[in-house]
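Visitor: Residues per chain, in single letters:
Number of protein chains: 2
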Amino acid sequence: MTYCLGIITRSGLVLAADSRTNAGVDYISTYRKLFDFSLPGERVIILCSSGNLSITQAAISSLKKDIKVQQDVNLHNLPTFYDIARYIGDKTRQIVEQDRTWLEKDGIDYNCNFLLGGQIQGEEPELYLIYTQGNSIQATPETPFLQIGETKYGKPILDRTVTFETSVEVAAKAAILSIDSTMKSNISVGPPINLVMYETDSLAIAHHLELPLRDPYLAKLRKTWEVALNDAVESIPNIDWEYYAQEEKNDFPLD
Amino acid sequence: MTYCLGIITRSGLVLAADSRTNAGVDYISTYRKLFDFSLPGERVIILCSSGNLSITQAAISSLKKDIKVQQDVNLHNLPTFYDIARYIGDKTRQIVEQDRTWLEKDGIDYNCNFLLGGQIQGEEPELYLIYTQGNSIQATPETPFLQIGETKYGKPILDRTVTFETSVEVAAKAAILSIDSTMKSNISVGPPINLVMYETDSLAIAHHLELPLRDPYLAKLRKTWEVALNDAVESIPNIDWEYYAQEEKNDFPLD
Chain A
1 MTYCLGIITR SGLVLAADSR TNAGVDYIST YRKLFDFSLP GERVIILCSS
51 GNLSITQAAI SSLKKDIKVQ QDVNLHNLPT FYDIARYIGD KTRQIVEQDR
101 TWLEKDGIDY NCNFLLGGQI QGEEPELYLI YTQGNSIQAT PETPFLQIGE
151 TKYGKPILDR TVTFETSVEV AAKAAILSID STMKSNISVG PPINLVMYET
201 DSLAIAHHLE LPLRDPYLAK LRKTWEVALN DAVESIPNID WEYYAQEEKN
251 DFPLD
Chain B
1 MTYCLGIITR SGLVLAADSR TNAGVDYIST YRKLFDFSLP GERVIILCSS
51 GNLSITQAAI SSLKKDIKVQ QDVNLHNLPT FYDIARYIGD KTRQIVEQDR
101 TWLEKDGIDY NCNFLLGGQI QGEEPELYLI YTQGNSIQAT PETPFLQIGE
151 TKYGKPILDR TVTFETSVEV AAKAAILSID STMKSNISVG PPINLVMYET
201 DSLAIAHHLE LPLRDPYLAK LRKTWEVALN DAVESIPNID WEYYAQEEKN
251 DFPLD
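Respectively, the protein sequence lines represent chains A and B. Note that my numbering numbers the first sequence so that position 22 is 22, with each residue one more than the last. Note that my numbering numbers the second sequence so that position 151 is 151, with each residue one more than the last.
Excised from the complex, chain A in its bound form (with noise of 0.2 Å):
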């Protein structure tokens, strides 16, 4: 499995993403899932990848190319955000297409998504989830993060944490978080984390950070965050057990 997500915010963008990729449970290797294909000064282009690894690789590397060879079409001459997630789209069903009969006879899953997120020179920065079908979603400052993979277990913290309005450090913080939360719930999903946040307009991705399961950071920010919940879970009141017994008398027939 893998957990990428985005957030998109006034001040900017993060995409964060683990590492590890899984054929059966007996099989785990490290793979990693976020690319970065800006021109600095010009535009910033930051991919997430999920799903059956055959696929996004030789989506990946059909992206390089056509930049390599300067193909007509490609992420460095494209106009707008919403033509790059279309074009990315396209490559995925070329791909899906040529593969998808061999894979479905041995029951085997094709799908896969990708997280794309940046900002062009004279446009705003925009964040898209592209399915496996091609087509895509974009972020709004109503729903300001997406997600891909094992997606479950990392969404109450950013339910909670993440608006449009947050600062792009503290969504750094919450989207390593969301990752954390769920490698310890979901042995698919694990280390290193590899994170880019980008400040709207700056046009060059200044900060990013590949975090092992031993940094020092990661074990204070898991440790400060454990401490904070039992904190969090001790400073609510506990539960009034006479105003229920009053409230509910009789009308409370448990069987």
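Watch out, some of these pointers could steer you wrong.
[To be verified] Computed footprint of chain A on chain B; a stretch qualifies when at least three of its residues, placed anywhere within it, have a C-beta under 8 Å from a C-beta of chain A: (1) 93 to 107; (2) 142 to 156; (3) 237 to 245.
[What the hints assert, rightly or not] Which residues of chain B face chain A? A few of them, derived with a C-beta cut under 8 Å, are: (4) R160; (5) T161; (6) E165; (7) V168; (8) A172; (9) K173; (10) L177; (11) K184; (12) H207; (13) L209; (14) A232.
Simulated from the structure, these hints should not be mistaken for lab results. Heads up, the beta-carbon is just placed ideally off N, CA and C, and yes, glycines get one too.
Given chain A's structure and the hints, the job is docking chain B onto it.
Guide: Chain B alone, transformed into the frame defined by chain A:
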């Protein structure tokens, strides 16, 4: 969907359940999923159910009937909780067998799960998860909670705040927070929340409650939790980008 959880600690048991049932997103209903089969002073038996409602209702009815007609084997005369778990498993098998062919024909999911918790006089409190197939697993001090239904959103908070040494009062708050987090992310999990707190060797349910959506305690708990999480994220030191820039130098190609 549904979300139910059980927690066993040194000082007692907590069982809790949401009340939403849906047949598609366009048919949402409220059904209690927490049932009390206790015989106060002798044995406490709490059951929570998830999955196909026709199957779980049939099982609950049959369990009640066996008590009423004083069947040779029923919830009130079986000597241990393991026997009770097997008996409920057998009941489930019979009902599933009766309907599965007809449900399978139309691709209807007949799966269901039960959480079973309580204590029989002279025995220790126990907590079980019973599967559709009739087999079961038991919670232990190393893994003191069990979940059924939509389990993922509410697991991180339990992972971080509940151990076998947690007081039963704190476990009750963690259970409500776990269900509340799930309700926020999955609309097929909804109020009221039913919760039972049982203190070891009391052999009677002294504490139970039903929290509707607008319950003032639920609102306060949610607010306190949200503020605490935000404070916690703020309190974690920001990422020291300089440190990571030094660490990684040129060995961090993102493309």
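Visitor: Could you run down the list of hints and mark each one as holding or not?
Guide: Hint-by-hint comparison with the structure:
Taking a C-beta to C-beta cut-off of 8 Å, the stretch 93 to 107 of chain B contributes 0 residues in contact with chain A, too few for the three needed, and the coverage statement is violated. Look at the stretch 142 to 156 of chain B against chain A: 5 of its residues bring a Cβ nearer than 8 Å to a Cβ of that chain, three or more, so the hint holds. Residue count for the stretch 237 to 245 of chain B with a Cβ under 8 Å from a Cβ of chain A: 7. That meets the three needed, and the coverage hint holds. Checking B/R160 against chain A: minimum C-beta separation of about 5 Å stays under 8 Å; hint holds.
Interface restraint check: B/T161 against chain A, minimum CB-CB distance 5 Å, threshold 8 Å, status holds. For B/E165, the suggested interface contact is broken, since its CB lies about 12 Å from the closest CB of chain A, more than 8 Å. Violation of the interface hint for B/V168 is found here, the shortest Cβ-Cβ separation to chain A being roughly 10 Å, above the 8 Å cut-off. With 8 Å as the threshold, the beta carbon of B/A172 comes within range of chain A, its nearest partner Cβ sitting at about 6 Å, so the hint holds.
At a threshold of 8 Å, the smallest CB-CB gap from B/K173 to chain A is about 5 Å, leaving the interface hint in force. A distance limit of 8 Å between C-beta atoms decides the matter here; for B/L177 the minimum to chain A is near 7 Å, and the interface restraint holds. Restraint check, B/K184 versus chain A: the minimum CB separation of about 5 Å is within 8 Å; hint holds. With 8 Å as the threshold, the beta carbon of B/H207 comes within range of chain A, its nearest partner Cβ sitting at about 5 Å, so the hint holds.
Interface restraint check: B/L209 against chain A, minimum CB-CB distance 4 Å, threshold 8 Å, status holds. Interface restraint check for B/A232: the shortest CB-CB distance to chain A comes to about 3 Å, inside 8 Å, so the restraint holds.
In terms of the numbered hints stated before, the structure departs from hints 1, 6 and 7, listed from lowest to highest.
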